[in-house]
Amino acid sequence: MTMFFDPFRELDRVAGQLLDTRQGPRLMPMDLYRDGDHYVLNADLPGIDPGSVDIDVDGQLLTIRAERTPRSVEGVKWIARERSGGSFLRQLNLGQGVDIAAISASYENGVLSVVIPVSEAAKPRKIEVQTSARSEQIEAHAEPAEA
Numbered sequence: 001m002t003m004f005f006d007p008f009r010e011l012d013r014v015a016g017q018l019l020d021t022r023q024g025p026r027l028m029p030m031d032l033y034r035d036g037d038h039y040v041l042n043a044d045l046p047g048i049d050p051g052s053v054d055i056d057v058d059g060q061l062l063t064i065r066a067e068r069t070p071r072s073v074e075g076v077k078w079i080a081r082e083r084s085g086g087s088f089l090r091q092l093n094l095g096q097g098v099d100i101a102a103i104s105a106s107y108e109n110g111v112l113s114v115v116i117p118v119s120e121a122a123k124p125r126k127i128e129v130q131t132s133a134r135s136e137q138i139e140a141h142a143e144p145a146e147a
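Take the sequence shown: its position 110, counted from the start at 1, is 110 in full-length UniProt numbering, and no numbers get skipped.
Treat the hints loosely; a few may be bogus.
[Claimed, not checked] Calculated lysine to any residue pairs in the SDA-like style (CA-CA distance at most 20 Å, straight line):
1) Lys126 / Gly97
2) Lys126 / Gly36
3) Lys126 / His38
4) Lys126 / Asp37
5) Lys77 / Leu11
Since the hints were derived computationally from the structure, they do not count as laboratory data.
Kindly generate the complete structure, drawing on both the sequences and the hints.
Here it is in structure tokens:
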């Protein structure tokens, strides 16, 4: 197998890893949109074991955690090793108007999808205009005037 080796790119990658002061969790890229009566969050988590994904809600704070463990293979000589392991974290303030009890999640093809339904109280609705019951009774019982 032929592989193009760029020493400057490799040096930049190694320096980036060594000089990275951020030793904490990595941020996961995500998309968030509203589709009708629910919000959909799609987060890229390639190579994550779905069993390591932890999603919880505390008040109005949604927290997503995941772990990617680096693959260790004994007795091999690495040619390139750019996929680092570590933990991923994303927190979102849900605000008011979502149904926290009905949040659901799925993981497929390296993408975590979280569906956050809008609560019934926050959904738009029509308000029926009612007429006064007294005016309806008067109209129903009105007698023609005698002359």
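Checked hints:
{"no.": "1", "hint": "Lys126 / Gly97", "result": "17 Å, holds"}
{"no.": "2", "hint": "Lys126 / Gly36", "result": "16 Å, holds"}
{"no.": "3", "hint": "Lys126 / His38", "result": "19 Å, holds"}
{"no.": "4", "hint": "Lys126 / Asp37", "result": "15 Å, holds"}
{"no.": "5", "hint": "Lys77 / Leu11", "result": "19 Å, holds"}
In this structure, none of the earlier numbered hints is contradicted; all agree with it.
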